[in-house]
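Enquirer: Each chain is listed here by its residues.
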Amino acid sequence: MQSLDSAFFALSDPTRRAILARLAQGEATAMELAEPFDMSQPAISRHIKVLEGAGLIGRRAEGTKRHCRLQKRGIESMQQWLAMMHEAMSRNYDRLDGVLAGMQRETRKGKQR
Amino acid sequence: MSKLTLVTEGDTHVVVKRHFAATPEQVYRAHTEAALIQQWMLGPEGWTMPVCINDARPGGGFRYEWSNGKGGGFHITGEFLELAPFSRIVHVERMHLPDPTPDNHIVTTFIADGAGTLMTMRMTLPSAEVRAAVLATGMEHGMEASYQRLESTMSGANS
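Chain order of the listed sequences is A and B. For the first sequence, the working numbering begins at 1 and goes up steadily by one. For the second sequence, the working numbering begins at 1 and goes up steadily by one.
Worth flagging that the hints you see were computed from the coordinates, not collected in a lab. Some hints here could point you the wrong way.
Unchecked claim - Listed below are the simulated EDC-like cross-link pairs for lysine to aspartate or glutamate, each with C-alpha atoms no more than 16 Å apart in a straight line: (1) K3/B x D94/A; (2) K17/B x D97/A; (3) K65/A x E27/A; (4) K49/A x D97/A; (5) K3/B x E93/B; (6) K3/B x E87/A; (7) K17/B x E87/A; (8) K72/A x E52/A; (9) K17/B x D94/A; (10) K3/B x D97/A; (11) K65/A x E32/A.
Remember, it's a predicted structure, so these values are computed and weren't measured experimentally.
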């Protein structure tokens, strides 16, 4: 769960979400990622480091250039979180069926009285 | 008929539907009364909700804390924006893991459906960007695929 915490923290910032959206379209260098933002290169680099630390993106060196890309495993762990939510909800609602059945019995008893 | 469906919609929504064999009033109450919530909103087997603070009125807050009884736990906080008994609840919530997740805006409706109730819960995630990041790895094929993947992951972990 530790990496999931950092993944959600990474997603809490709009610049980092925009960087992920850009990378969803394909690889990009840090300089290309900085272009649409009114932000210094070091500031963008810090955001990239947070995303990298959260396992959401990876970097590949090619000569002096470093290309950023989405890291499938990090993104998948978030998908798994959603899937666990589905699983937990299914169990919750199965339990709720039982709670509702109990409420129905109470109502019927009340009417008989 | 009682099976849960969970699908994505548009850029930022997730929609959950479930049918219940009870009246809208009963299902609504089970979503707004703390004593009832604590009986079912528990997540995986073995988890309990030791803290369920719930001020179910517009502007009221709530805090649900879960524990696995082994020192593990997390909590959700949120605020109610709109409550229309017994048909509609609008609220925002976030998980604390312990860092807060982005706010999830949720509209839940309870509509009479035959002898029972159809509950529809429409979540709005914070941005299209979050969804874009998820779409990048094949979510365009629907969430089912990742559930199937998770199921195989979990059956692998159990065996």
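Enquirer: Decide, hint by hint, whether the structure agrees.
Expert: Evaluated hints:
| no. | hint | verdict |
| --- | --- | --- |
| 1 | K3/B x D94/A | holds (9 Å) |
| 2 | K17/B x D97/A | holds (14 Å) |
| 3 | K65/A x E27/A | holds (12 Å) |
| 4 | K49/A x D97/A | violated (46 Å) |
| 5 | K3/B x E93/B | violated (24 Å) |
| 6 | K3/B x E87/A | holds (12 Å) |
| 7 | K17/B x E87/A | holds (14 Å) |
| 8 | K72/A x E52/A | holds (12 Å) |
| 9 | K17/B x D94/A | holds (13 Å) |
| 10 | K3/B x D97/A | holds (11 Å) |
| 11 | K65/A x E32/A | holds (11 Å) |
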